[in-house]
Amino acid sequence: MKNKTDIKSLNLCELEAAFAQMQLPKFRASQVYRWLQVQGVSDFDEMTNLPLALREQLAAAYYIPSAKIERKLVSALDGTVKYLFSLYDAQTVESVVMRYKYGYTICVSTQVGCRMGCKFCASTLNGCIRNLSAGEILSQIHAAQRDLDIRISHVVLMGMGEPLDNYENVLRFLELVSDENALHISARNISLSTCGIVPKIKELAKLKLQITLSVSLHAPNDAIRNTIMPVNRKWGVDTLLAACREYAEDTGRRISFEYTMIHGVNDSDECARRLGKKLRGMLAHVNLIPVNPVKENTFHKSDRARMERFIAVLNEYGVTATVRRTLGADINASCGQLRQSAKQAAQKEVSN
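Just so you know, the sequence shown maps onto residues 1360 to 1711 in the working numbering.
Hints are all accurate, no fakes.
Here are the simulated DSBU-like cross-link-like pairs (lysine-lysine), alpha carbons at most 35 Å apart as the crow flies:
1) K1565 - K1636
2) K1565 - K1637
3) K1363 - K1385
4) K1431 - K1660
5) K1478 - K1565
6) K1637 - K1567
7) K1361 - K1385
8) K1593 - K1567
9) K1593 - K1478
10) K1636 - K1478
11) K1363 - K1561
12) K1427 - K1460
Computed Cβ-Cβ distance ranges for the label pairs, DEER-style:
13) T1679 - R1592: 25 to 31 Å
14) N1362 - T1679: 48 to 54 Å
15) D1402 - K1431: 19 to 25 Å
16) A1418 - D1448: 15 to 21 Å
17) K1565 - Q1382: 34 to 40 Å
18) T1364 - R1639: 48 to 54 Å
19) E1629 - T1681: 20 to 26 Å
20) K1561 - K1636: 19 to 25 Å
Just so you know, these hints were derived from the structure itself, not from any lab. Since the model is a prediction, treat every value here as computed from it, not as a measurement. Glycine included, C-beta positions come from ideal geometry on N, C-alpha and C.
Using the sequences plus the hints, can you model the full thing?
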């Protein structure tokens, strides 16, 4: 794709400006934009209402990012679908489609890999290869909708990568995915998850977007969080929570704190009390998540009784909490695991 522009990452105004420079009528930009953003085509030749000469002209200057299905796993338990997508440069990312009573939610990736180094996460095992463009993030939605013949109504940026480490591309994605002329997914139906890059949280707060900010907290103090989340050594728990309070006050939006329950590490009554004291009075909710088994670490999930006790202690401080519903357990639906297993299989094949 050298010397070509990612056309799916352009908004309608930018596309109209580009078409004006090419001395093309304005309605052509709207046609192309609809093909890209609504239909999710991956080839200019699919734009059947465009003249062949125009399609060739566009193909010479632009490329359409796509997500090609390399592997697809479907849960026999709940119908959750997990995809391993390959991109233009043969890099792979994962997405998960989950069905709820209100419709379909997709969890998308924002980077190939992740540089954050969280100890319980498979996505970060090989570091970050590169950022995804807005068009590449969108392509995961388009590919899943086409494959399953569904309309996705909710998006979670909680797949591979740290969204705020790819800030500009993620903002453009949010603009495009919520555009009424495109997929038109309401900002209120979009959740962005971050491990806690404080300066970007503060920047995001100024935009007053109606998305849900999900903060991967996973510990009530620096002593524990430092051992499982390297980002905490730069922005400690108190610094992060201060930024979260500001965000909630500035946007009026409740923050969702993700808290992975790891047996014997962060699941004690004392941890719950510390967390309750720190979150008391904040517009917030805590999602408890049983840690996913990853063979590269020795973490084990807390049992149900321990999680219920953790919730009871938080409730004493006026903090609401629930255990997040586990979907796709039989297909390892947490992101990073499928890509890692595929990479290991390829390495084994080469060595043989």
